[in-house]
Amino acid sequence: MIGRVLLGAGVVSLLLALPYWVSSVWQNLLITTFYYAYLAQAWNILGGYAGQLSLGHAAFFSIGAYTSAVLAIQLGVSPWLGMFVGALLAVLLSLGIGYLGFRFGLRGFYFVLLTVASAEICRLIALHLPILGGYTGLFINFTPNPWQFQFQGKIPYYFVSLGFLGAASLVVWLIQRSKLGVYLVAIRDDEDASEALGVNTFRYKMLAYAASAALTAFGGTFYAYYQFYLQPNTVLNLNHSVDIMIRAIVGGTGTILGPILGSFLLEVLGEFSRTVFAGGAAGLNVLIYGVLLIVVVLFLPRGVYPTLIALVRRVTGRQA
Amino acid sequence: MALYIQAVVNGFLLGGVYSLMALGLSLIFGVMRVINFAHGDMMVWGMYLSLWLFLSLGVDPYLSILASAIVLFLVGAAVQRGLLNRILEAPHEMQILLMLGLAMVMENGALMLFGPDPQRINTSYGLATAWVGPIVFDLPRVVTFAMAFVVAFLLYIFLRRTDMGRMIRAASDNQVGALLVGTDILKVFALAFGIGAACVGVAGSLMTPFFPFTPSSGLFFTVTSFNIVVIGGMGSLLGAVVGGLLVGVSESVGAVVLVPSLKEIVTFILMVVILIFRPQGLLGGRR
Numbered sequence: 001m002i003g004r005v006l007l008g009a010g011v012v013s014l015l016l017a018l019p020y021w022v023s024s025v026w027q028n029l030l031i032t033t034f035y036y037a038y039l040a041q042a043w044n045i046l047g048g049y050a051g052q053l054s055l056g057h058a059a060f061f062s063i064g065a066y067t068s069a070v071l072a073i074q075l076g077v078s079p080w081l082g083m084f085v086g087a088l089l090a091v092l093l094s095l096g097i098g099y100l101g102f103r104f105g106l107r108g109f110y111f112v113l114l115t116v117a118s119a120e121i122c123r124l125i126a127l128h129l130p131i132l133g134g135y136t137g138l139f140i141n142f143t144p145n146p147w148q149f150q151f152q153g154k155i156p157y158y159f160v161s162l163g164f165l166g167a168a169s170l171v172v173w174l175i176q177r178s179k180l181g182v183y184l185v186a187i188r189d190d191e192d193a194s195e196a197l198g199v200n201t202f203r204y205k206m207l208a209y210a211a212s213a214a215l216t217a218f219g220g221t222f223y224a225y226y227q228f229y230l231q232p233n234t235v236l237n238l239n240h241s242v243d244i245m246i247r248a249i250v251g252g253t254g255t256i257l258g259p260i261l262g263s264f265l266l267e268v269l270g271e272f273s274r275t276v277f278a279g280g281a282a283g284l285n286v287l288i289y290g291v292l293l294i295v296v297v298l299f300l301p302r303g304v305y306p307t308l309i310a311l312v313r314r315v316t317g318r319q320a
Numbered sequence: 001m002a003l004y005i006q007a008v009v010n011g012f013l014l015g016g017v018y019s020l021m022a023l024g025l026s027l028i029f030g031v032m033r034v035i036n037f038a039h040g041d042m043m044v045w046g047m048y049l050s051l052w053l054f055l056s057l058g059v060d061p062y063l064s065i066l067a068s069a070i071v072l073f074l075v076g077a078a079v080q081r082g083l084l085n086r087i088l089e090a091p092h093e094m095q096i097l098l099m100l101g102l103a104m105v106m107e108n109g110a111l112m113l114f115g116p117d118p119q120r121i122n123t124s125y126g127l128a129t130a131w132v133g134p135i136v137f138d139l140p141r142v143v144t145f146a147m148a149f150v151v152a153f154l155l156y157i158f159l160r161r162t163d164m165g166r167m168i169r170a171a172s173d174n175q176v177g178a179l180l181v182g183t184d185i186l187k188v189f190a191l192a193f194g195i196g197a198a199c200v201g202v203a204g205s206l207m208t209p210f211f212p213f214t215p216s217s218g219l220f221f222t223v224t225s226f227n228i229v230v231i232g233g234m235g236s237l238l239g240a241v242v243g244g245l246l247v248g249v250s251e252s253v254g255a256v257v258l259v260p261s262l263k264e265i266v267t268f269i270l271m272v273v274i275l276i277f278r279p280q281g282l283l284g285g286r287r
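Those protein sequence lines, which keep their order, are chains A and G. So in our numbering, spot 17 of the first sequence is number 17, and the numbers just go up one at a time. So in our numbering, spot 38 of the second sequence is number 38, and the numbers just go up one at a time.
Among chain A residues calculated to face chain G with C-beta under 7 Å, some are:
id, residue
1, L53
2, L113
3, A281
4, P301
Chain A regions said to be covered by chain G (calculated; three or more residues, Cβ under 8 Å):
id, stretch
5, 93-106
6, 121-129
7, 249-255
Hints listed in this document are in silico derivations from the structure and should not be mistaken for laboratory results. Just so you know, even glycine gets a beta-carbon here, dropped at the ideal spot from N, CA and C.
Working from the sequences, and respecting the hints, build out all of it.
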């Protein structure tokens, strides 16, 4: 127990001190890692615990990003407030998709495709909405005002992204401990059996979807005010949904530390292929990244975190 | 009016290749339950193979479908043997990850070899047309349509009439049953993936005389294949054919009615409607 407290204190103080030690390149890497870990954690509620794989989370992400940006640009509403409007809209969309999917019993592959299709519909609509800037994209002017979610330097973004990740992990931890978490895992493991035992699978899947969508939308707001530029073909692209999903899967779905470890591992692999193969032909670095992804799947087919736990148990010979 | 009829004709003719592409996806999913996220990239490889054969040896794209079939069969079988068969026991979502990694490798491999510029194969007959009243029939589209249906028909005969085809169908219908009667399931898997990949490779080659493509075209084809299979009905071969034609026509008409950049939205809405009212797809028997 004391060991755990010490380990926790060490990790926390390391995280607090880290941004002051490293260069801005590393700060950026850490921010991206936290931010993707946050999105993967949000995805994890639906995809990991409830077992409903979504490949359309870019839609919720973009709703969060665009809502807070447009509200700030057009009406001067602070993104700190605007992001709640974005989350609300994302929840409404998730309930709409969830109603269509779960009401009619779409499972597995069909649900994946429903999420892909709904995100693609959103992308096509967003490209044709003048208020979102169309193909040119939407630019956000930089004014270093924390109330407008805009900060000088990278260190504030570091702590905001870390805070987001901490909050999302706390939410997931609370869900895991609650009855809801138990129901979700039951649905994932055997939906028919849990329904037969009286679990209202429709309601709990909807709840998981809404929570996941709301958190993802908050992440969108962070992105908008970290990048200051939004374009549907980058933020609302299928590849972006993939980016969110693979971090959770690589790390190990249905665990709290999985999405975080997955995000770290993939950021390291991505950065490795970007820097080492930067001088090569166009596309080489992504090719290497793809190869590394395949290698990870072949060697860690159960995900990073579950493999790590199994390894620790084998070494210490202890059953937790 | 003629504009709309023209759109329907063009869409219908394009739909033939879409059908073949979706047949490949349906076969792979039906047997292995694997969502082939590299499907469109396999198609693009077929296209570039035809381009390369045309530029270096002057082979007509309608002949190089044979090369595409063979090469993509080997690629597909190798993917199943070397990669997917190794993680059969792992959580199902790991297969998705593997296929996504493969899609990255294939797309960027094509980018490194051929560059990002749009390509098409300019044959001597590329612009040949035939007029029927006010409607134009592009000859390459007609030939492509006919050949796609010939290939689809051959696949149908293979699956219905040969022992290997029966083994594939048995594995698709009931895996445990197929194992019980002594089917070498890993071999069947490799064979099915190879055939599915060969279908989509041939579909790619068939499109090259009239359809410009880039290394990143794969994603569009992958998503379109998904839509077709859902619309037609997973696991139904006839469904893939009907779905392909329907999606071809709806895209083409959508481009005329709406703006061209919105054409896919018609397909997506069609797919959502199908998912709601007939989740098993138009011709799918069961879910």
